[in-house]
Amino acid sequence: MTKKFRVELIKDRCKGCELCTSVCSRHLLKMDTHLNHKGYASVTIENMDACIGCINCALICPDGAIEIFQLEEGDKE
Amino acid sequence: MSEKVLMKGNEAFGEAAILSGCNFYFGYPITPQSEIPEYLSRELPKRGGCFIQAESELAAINMAYGAAAAGGNAFISSSAPGIALMQEGLSFMCCAEVPVVVLNVSRCGPGIGGIQPGQADYIQATRGGGNGDYKIPVFAPSTIQEAIDMIYEATYLANKWRNPMMLLTDGMMGQMMEPVVLPEPRKLLTSEEIPQAKPWALSGFDHKNGQRSLIRALHMQPTDLEIQVEKIFTKYDAMEKELPAYAAEGLEGAEIVFVAFGLMSRLVREAIEMLAEEGIKAGLIRPKTLWPYPYAAFDELDFNSTKVVISTELSKGQMIEDVRLGVEGRLPVELIYRTGGVVPTTPEVVERAKKILEGLK
Amino acid sequence: MKPVFTYSEGMERVETSYCPGCTHGIAHRLIVETLIENGELGNAIGVCPIGCSVQAHKFMHVDMCEAAHGRAPAVASGIRRVHPDKPVFTYQGDGDLASIGMGEIIHAASRGERFTTFFINNGIYGMTGGQMAPTTLIGQRSTTSQDGRTVEANGMPIRVAELIAAVDGAAYVERVALDSPAHIRQAKRAVQKAFAVQKMGVGFTMIEFISSCPTNWGLSPVEALGWIKEKMIPYYPLGVKKDITAQNVQEEEA
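Sequences listed follow chains A, B and C, in order. Under the numbering used here, think of the first position of the first sequence as 1, with each following residue one higher. Under the numbering used here, think of the first position of the second sequence as 1, with each following residue one higher. Under the numbering used here, think of the first position of the third sequence as 1, with each following residue one higher.
Just so you know, the hints here were simulated from the structure itself, not pulled from any lab data. Keep in mind that the hints are not guaranteed to be accurate.
[Stated by the list, open to error] Okay, derived cross-link-like pairs now, PhoX-like style, lysine-lysine, Cα gap no bigger than 20 Å in a straight line:
1. K2(C) with K3(A)
2. K160(B) with K231(B)
3. K135(B) with K235(B)
4. K135(B) with K241(B)
5. K2(C) with K4(A)
6. K187(B) with K160(B)
7. K241(B) with K288(B)
8. K208(B) with K58(C)
9. K46(B) with K187(B)
10. K58(C) with K38(A)
11. K355(B) with K316(B)
12. K307(B) with K361(B)
[What the hints assert, rightly or not] If you anchor each label on the Cβ, the simulated ranges turn out as follows:
13. I138(C) with R42(B): 45 to 55 Å
14. T6(C) with N209(B): 23 to 33 Å
15. V5(B) with T144(C): 52 to 62 Å
Since this is a predicted model, take the numbers as computed values, not measurements. Built from N, CA and C at the ideal position, the CB exists for glycine as well.
Produce the entire structure from the sequences given, and follow the hints as far as they go.
Encoded structure:
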């Protein structure tokens with residue numbers, strides 16, 4: 001079974017800097033048109049199933065807005 | 001209490017700092033106080049303390065800030081232009097509420113100044129030599145013994161108020177020898193005892209039930225800084241009630257009252273004796289604290305007999321401003337001074353005082 | 001679900017006040033992550049001097065004090081005397097460390113002070129509004145070098161890591177960059193190494209982080225990472241500049 005990951009985007013912490021979108025190895029992260037409470041266009045993810053869990057996005061996020069979990073058996077997808 | 005021993009001023013100041021409980025000293029050489037770092041570099045490592053020869057007075061005061069913020073008792077000394085460099089740290093420590101004992105073995109000035117004694121750092125010391133709203137209590141010893149006692153007390157007061165305490169003395173006091181009795185040594189705090197003894201200090205939050213210590217002088221919001229300034233000023237208000245100290249001698253029936261501190265007060269005492277031989281009765285007000293200034297001393301003046309109050313200084317009329325505030329226009333206030341490192345002779349003070357008295361008639 | 005990456009417990013939950021894309025947040029995280037891994041977060045003491053770094057205590061959950069501009073190494077030297085066995089670090093910007101505080105950092109290194117300096121080199125004064133720093137590159141525009149820094153007027157930018165490595169008291173000095181995930185992984189290893197060498201008590205340790213300041217560089221955060229790669233790293237080469245622990249190993253092997 002291929003590993004599956006869940007990317008938690010904490011939108012209220014996001015400042016819309018786009019660093020994560022520039023390093024995503026699968027180009028899954030995009031900027032949302034919706035603004036968060038600070039007025040920033042926060043990051044969003046398309047096709048979470050394609051995430052390979054490289055954590056590049058989380059490593060470069062200066063604001064702790066990205067957390068990544070690996071799905072285990074029995075977890076809801 | 002130990003027996004009397006003969007000690008040089010600067011060495012006695014250093015010894016007093018250790019006995020008072022200060023085990024951290026950070027120094028930079030500058031005449032006429034260099035015997036203090038010399039003495040403490042030798043003594044502190046033997047007695048459970050630390051000495052660093054700093055790269056500058058700026059570094060020295062900031063090392064003291066670090067040690068004190070970490071809960072150590074820090075002592076620091078320099079001379080006039082060196083104390084000027086330390087003002088950055090002193091202002092910072094007042095705002096951050098970190099204790100330290102500072103000794104100024106003053107030169108004259110301005111600029112580089114000479115190494116001879118002076119009292120021209122009076123305004124620097126008492127009016128806040130650095131930036132912003134803050135106060136530093138200033139003690140003015142007139143003997144080596146009094147300096148020892150004041151350093152001992154200042155270490156206690158610095159911790160009590162979490163604020164710097166300063167002693168203002170001069171090069172002659174630093175270089176002279178006098179018999180002194182040394183106080184009992186206070187116990188030195190160990191690193192392990194700090195979280196308990198000073199829970200506000202930096203020691204890692206694991207040692208304080210998870211309570212994190214932050215020591216700050218920056219408040220980005222104007223209203224926050226205003227609150228902090230008001231907070232430290234409630235301490236200064238209390239100090240103004242608690243700390244002013246002076247000695248008054250022979251005020252009753254005196255024609256002339258001299259006001260003098262430190263070295264100058266010793267000279268004035270001799271002048272008072274010489275004047276007495278000529279039938280002129282003179283008295284002395286000797287402030288032991290320069291901030292808060294003992295303005296109440298001037299209420300003790302004998303307004304029936306006293307014709308003039310003379311501020312007697314080794315500076316070009318600095319303390320005279322406080323004397324005027326104390327006298328409140330009730331009597332003429334005059335000045336006798338020498339500056340540039342020149343100490344007047346006793347007959348010189350007598351002659352000048354007599355001239356001032358004649359001028360009033 | 002198994003956590004693969006979660007935000008460090010060593011960071012306060014408040015949002016940082018740094019500009020979007022500023023790499024301070026990454027450097028903070030690497031420091032507290034390492035302290036947690038070492039079980040020393042609650043034993044550590046940090047010093048954050050003036051500059052954007054002065055607010056670091058709001059975000060790193062460690063006992064900390066602020067310091068006047070440039071004086072953090074002196075402050076940390078004082079702290080170290082009182083607490084001989086705790087991890088102590090300073091967190092300083094380039095205006096702070098390489099300009100007003102050059103005396104303090106050189107002498108702290110020279111004394112072989114057993115604390116670690118985390119040096120944020122973004123080539124500019126951030127907090128005061130983008131003035132030229134000692135590390136501003138030749139040709140780089142700033143609010144005090146509006147046509148670009150020139151050698152004639154300002155001299156060459158200072159390479160701090162190499163300078164400190166040349167001081168005898170320095171035990172471990174490395175320059176890393178925060179411009180890519182690979183470099184950030186290396187930066188983490190550098191932070192771990194610095195704290196390990198600090199604990200060995202063999203001398204001064206410093207990590208220089210090549211960082212970005214998108215706001216004052218006038219670039220987008222992503223463009224700013226490109227500037228690090230294209231302009232800064234060629235002038236400020238990454239790598240270990242000094243490691244006396246490696247030399248000891250080599251000597252023992254020889």
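Structure-based check of each hint:
1. K2(C) with K3(A): 11 Å, holds
2. K160(B) with K231(B): Given that 20 Å is the threshold and the Cα spacing comes to 15 Å, the pair holds.
3. K135(B) with K235(B): Given pair K135(B), K235(B) holds - Cα atoms ~10 Å apart, limit 20 Å.
4. K135(B) with K241(B): Given pair K135(B), K241(B) holds - Cα atoms ~14 Å apart, limit 20 Å.
5. K2(C) with K4(A): Given pair K2(C), K4(A) holds - Cα atoms ~11 Å apart, limit 20 Å.
6. K187(B) with K160(B): Status holds; Cα separation ~16 Å.
7. K241(B) with K288(B): Measuring from Cα to Cα gives roughly 15 Å; hence the hint holds.
8. K208(B) with K58(C): Holds: K208(B) and K58(C) sit about 19 Å apart, inside 20 Å.
9. K46(B) with K187(B): 15 Å, holds
10. K58(C) with K38(A): 19 Å, holds
11. K355(B) with K316(B): 18 Å, holds
12. K307(B) with K361(B): 9 Å, holds
13. I138(C) with R42(B): 45 to 55 Å: 50 Å, holds
14. T6(C) with N209(B): 23 to 33 Å: 25 Å, holds
15. V5(B) with T144(C): 52 to 62 Å: Since V5(B) and T144(C) have Cβ atoms about 59 Å apart, the given range 52 to 62 Å holds.
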